[in-house]
Amino acid sequence: MIPREFEYHAPTSIPDALGLLEQFGDEAKLLAGGHSLLPMMKLRFAQPGHLIDLGKIPELKGIREDGGDLRIGAMTTENELIWSPLLQQKCPLLVEGARLVSDPQVRYKGTLGGDISHGDPANDHPAIMLALRASFVLRSPSGERVVPADGFFVGTYDTLLAPGEIMTEIRIPVPAAGTGSCYAKLKRKVGDFATAAAAVTLRMEGETVHEVAIALTNVGPTALKAAAAEASLRGKALTDASIAEAARLVMSICDPVADQRGDVEYKIAMAGEMTQRALRTARSRAH
Amino acid sequence: MAKKQAVSFRLNGREVDVAVEPRELLIHTLRDRLQHTGPHIGCETSHCGACTVDLDRMSVKSCTVLTVQCEGAEVLTIEGFEQGGALHALQEAFTEEHGLQCGFCTPGMITRAYRLLQEIPNPSEEEIRYWMSGNLCRCTGYQNIVKAVQHAAKKLSPTPA
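Taken in order, these protein sequences are the chains called A and B. With the numbering used here, the residue at position 134 of the first sequence is 176, and numbering never jumps. With the numbering used here, the residue at position 159 of the second sequence is 163, and numbering never jumps.
It cannot be assumed that every hint is accurate.
[Stated by the list, open to error] Calculated pairs, DSS-like style, for lysine-lysine (alpha carbon to alpha carbon, straight line, at most 30 Å):
no., chain 1, residue 1, chain 2, residue 2
1, A, Lys-71, A, Lys-103
2, A, Lys-98, B, Lys-7
3, A, Lys-84, A, Lys-103
4, A, Lys-229, A, Lys-84
5, A, Lys-231, B, Lys-151
6, A, Lys-132, A, Lys-98
7, A, Lys-84, A, Lys-98
8, A, Lys-71, B, Lys-8
9, A, Lys-84, B, Lys-8
10, B, Lys-7, A, Lys-71
11, B, Lys-7, A, Lys-84
12, A, Lys-98, B, Lys-8
13, A, Lys-71, A, Lys-98
14, A, Lys-84, A, Lys-231
15, B, Lys-151, A, Lys-229
16, A, Lys-132, A, Lys-278
17, A, Lys-229, A, Lys-132
18, A, Lys-84, A, Lys-71
19, A, Lys-132, A, Lys-231
20, A, Lys-103, A, Lys-132
Think of the hints as simulated: they come from the structure by calculation, not from any bench.
Model the full structure from these sequences, guided by the hints.
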């Protein structure tokens, strides 16, 4: 399986990459870790005339804390997320999620920014970003804008990232101390996408839910933020009944596509189950 | 045909120069141009791990890396493990523990296990199964592969004082 012919470019700065993107327009595709794009090119579902590799741009890498935010370069790999002491301490949800992405070899190459900006609802980070209330820095030749994760995912393979823009950084507000979180993912085997998965962040005040975020992977055209389920839990105790009601509300917004992972009914049921598991685990981790 | 690009990288410690089309995958450069046929073509879809090589201290599937991405890189394949006629501890361990049946997955398994032991020198069985999960063995000989990695870890660990 060989891709169609293309020209390869390896810029070493963001302005150079933006210049190439402007020059080649629709003919160009950005290459991050390459584990979504290269398989699509090998199958000739994608046939860019110009490939702009972002892998040689140092400023797109790295994980740091700045003010109340974690700032992660878009080309930071899954493996770098997993081994980051800063994230292990301050944002374990992102580490837990990255550990469940594909397999070890893919995680050495796959990047956070690539996973998000590809717009594939089966990817894990979109839901995790929604649950963490992240925002994304999008750079163009005319400057940069910062857009929240909520609203970024427009449709399957469709995001707010405009032609000519590059995602440079992911910003995550440092979760408050005592926040519990969980990414519960059902997959058939290592390397597969989720049949269904749920990302949860949870803050308790005594026995009452102070703040909660719930987002879902691969049960709709995009990652889904479960706003009604979140609202149903705020200010309430986390009981079997309130968790079941949240799961019911989650299931009511699911719109999955039947495939080899299961039929529609099964996937919706699993989205509910993953939500229940993620809520219970997040509760056990909250204090 | 798109214009070829010159790419230089180090392969098992030796400088190599190739001229390739940008669309050429690393596995094809290694096997067809550089006669390093240890990395195998299994699935060609980055699932099976038979084509695993070590690229700049990362285990990668060379069916999903372009050769042009490897400019200046340090590449290690199974051919680089034996030194001066002596097998590497991982190769010995795979022999002693019967860590292979048909052998097709073995170069990828050993190359992946090498990087794992660099990162986690004394992995538990659970860690080995988790961090080796990108390599499939169609003979399903996983039990002895795990034992071989554990055995190699012991051989490689510094002798207790």
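The hints, checked one at a time:
1. A:Lys-71 with A:Lys-103: 19 Å, holds
2. A:Lys-98 with B:Lys-7: 21 Å, holds
3. A:Lys-84 with A:Lys-103: Roughly 27 Å between the alpha carbons, so the hint for Lys-84 of chain A and Lys-103 of chain A holds.
4. A:Lys-229 with A:Lys-84: Judged against 30 Å, a Cα distance of about 25 Å means the pair holds.
5. A:Lys-231 with B:Lys-151: 22 Å, holds
6. A:Lys-132 with A:Lys-98: Holds, at roughly 28 Å.
7. A:Lys-84 with A:Lys-98: 22 Å, holds
8. A:Lys-71 with B:Lys-8: Holds, at roughly 20 Å.
9. A:Lys-84 with B:Lys-8: 19 Å, holds
10. B:Lys-7 with A:Lys-71: Since the Cα atoms of Lys-7 of chain B and Lys-71 of chain A sit roughly 19 Å apart, the hinted pair holds (cutoff 30 Å).
11. B:Lys-7 with A:Lys-84: 19 Å, holds
12. A:Lys-98 with B:Lys-8: The given pair, whose Cα atoms are some 20 Å apart, holds under the 30 Å limit.
13. A:Lys-71 with A:Lys-98: Cα-Cα ~16 Å, so holds.
14. A:Lys-84 with A:Lys-231: Holds, at about 23 Å.
15. B:Lys-151 with A:Lys-229: 27 Å, holds
16. A:Lys-132 with A:Lys-278: Answer holds: Lys-132 of chain A to Lys-278 of chain A is near 26 Å, not above 30 Å.
17. A:Lys-229 with A:Lys-132: 26 Å, holds
18. A:Lys-84 with A:Lys-71: Satisfied, since the Cα-Cα distance of roughly 14 Å is no more than 30 Å.
19. A:Lys-132 with A:Lys-231: 29 Å, holds
20. A:Lys-103 with A:Lys-132: 19 Å, holds
Against the hints set out earlier in the document, no violation occurs for any number.
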